[in-house]
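*Asks:* Sequence:
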Amino acid sequence: MESLQVSYAALYGATTLMIGWLLHWVYKWVNPPCKGRLPPGSMGIPIIGETLQFKSTPSLGIPSYYQQRLKRYGPVFKTSLVGQPMVISMDQELNRFIFQQENKLFQSWYPEATNSIFGKRSIATCIGTIHKFIRSFASKLFGVENLKEVLIRE
0 MESLQVSYAA
10 LYGATTLMIG
20 WLLHWVYKWV
30 NPPCKGRLPP
40 GSMGIPIIGE
50 TLQFKSTPSL
60 GIPSYYQQRL
70 KRYGPVFKTS
80 LVGQPMVISM
90 DQELNRFIFQ
100 QENKLFQSWY
110 PEATNSIFGK
120 RSIATCIGTI
130 HKFIRSFASK
140 LFGVENLKEV
150 LIRE
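Residue 0 is where the sequence shown starts when you use numbering that gives the first Met the number 0, and the numbers rise one by one after that.
By construction, these hints were calculated from the structure, which means they are not laboratory data.
Among the hints, a few may not be true.
[Said to hold, decoys possible] Cβ-Cβ distance ranges computed for the label pairs, FRET-style:
#1 GLY82 / LEU21: 16 to 22 angstroms
#2 CYS33 / LYS131: 17 to 23 angstroms
#3 ILE126 / ALA9: 23 to 29 angstroms
#4 VAL81 / GLY60: 21 to 27 angstroms
#5 ILE44 / TYR7: 45 to 51 angstroms
#6 TYR11 / GLY82: 29 to 35 angstroms
#7 TRP20 / ARG95: 39 to 45 angstroms
#8 ALA9 / LYS34: 22 to 28 angstroms
#9 ALA9 / ASP90: 36 to 42 angstroms
#10 ALA137 / GLN100: 38 to 44 angstroms
#11 THR124 / PRO32: 24 to 30 angstroms
#12 GLY82 / LYS147: 38 to 44 angstroms
#13 LEU140 / LEU69: 36 to 42 angstroms
#14 ALA13 / GLY73: 20 to 26 angstroms
All values derive from a computational prediction rather than experimental measurement.
Every residue gets a Cβ at the ideal spot worked out from N, C-alpha and C, and that includes glycine.
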């Protein structure tokens, strides 16, 4: 009888530790560590994030996913899509600043799911001068002038 009570106590203790660890993990997911301030937003369900809401809103204009978050959080918000936490900006001036400062203050990045689709050695995974070199080389091959020569011969 006494050994049964000890095993129940051990089971309760292990269950309490597992629940505590799970709650801590969910809290860390919802409030990711950051050296600065993160914008408002929701990280959604752990691991999945808000991917299901994002994928279920096809639209020809601005998808309803973005419209809802723009109304709720403003033009800059945090979210989690395809298993990756990210900050999304719908502010025109901020996006222009980000693109002007690429590889100085900001770096292009694609979710791991995108890299697995396009490949680990695609142009999307290249950064800095390598990306610029490949982009200029590809634009010469597939640019308007070269395509006119190849496709429309006189």
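*Asks:* It remains to establish, for every hint, whether it holds in the given structure.
*Replies:* Structure-based check of all given hints:
{"no.": "1", "hint": "GLY82 / LEU21: 16 to 22 angstroms", "verdict": "18 angstroms, holds"}
{"no.": "2", "hint": "CYS33 / LYS131: 17 to 23 angstroms", "verdict": "30 angstroms, violated"}
{"no.": "3", "hint": "ILE126 / ALA9: 23 to 29 angstroms", "verdict": "51 angstroms, violated"}
{"no.": "4", "hint": "VAL81 / GLY60: 21 to 27 angstroms", "verdict": "23 angstroms, holds"}
{"no.": "5", "hint": "ILE44 / TYR7: 45 to 51 angstroms", "verdict": "33 angstroms, violated"}
{"no.": "6", "hint": "TYR11 / GLY82: 29 to 35 angstroms", "verdict": "33 angstroms, holds"}
{"no.": "7", "hint": "TRP20 / ARG95: 39 to 45 angstroms", "verdict": "44 angstroms, holds"}
{"no.": "8", "hint": "ALA9 / LYS34: 22 to 28 angstroms", "verdict": "41 angstroms, violated"}
{"no.": "9", "hint": "ALA9 / ASP90: 36 to 42 angstroms", "verdict": "54 angstroms, violated"}
{"no.": "10", "hint": "ALA137 / GLN100: 38 to 44 angstroms", "verdict": "23 angstroms, violated"}
{"no.": "11", "hint": "THR124 / PRO32: 24 to 30 angstroms", "verdict": "25 angstroms, holds"}
{"no.": "12", "hint": "GLY82 / LYS147: 38 to 44 angstroms", "verdict": "42 angstroms, holds"}
{"no.": "13", "hint": "LEU140 / LEU69: 36 to 42 angstroms", "verdict": "38 angstroms, holds"}
{"no.": "14", "hint": "ALA13 / GLY73: 20 to 26 angstroms", "verdict": "44 angstroms, violated"}
Of the numbered hints stated above, those contradicted by the structure are hints 2, 3, 5, 8, 9, 10, 14, listed in ascending order.
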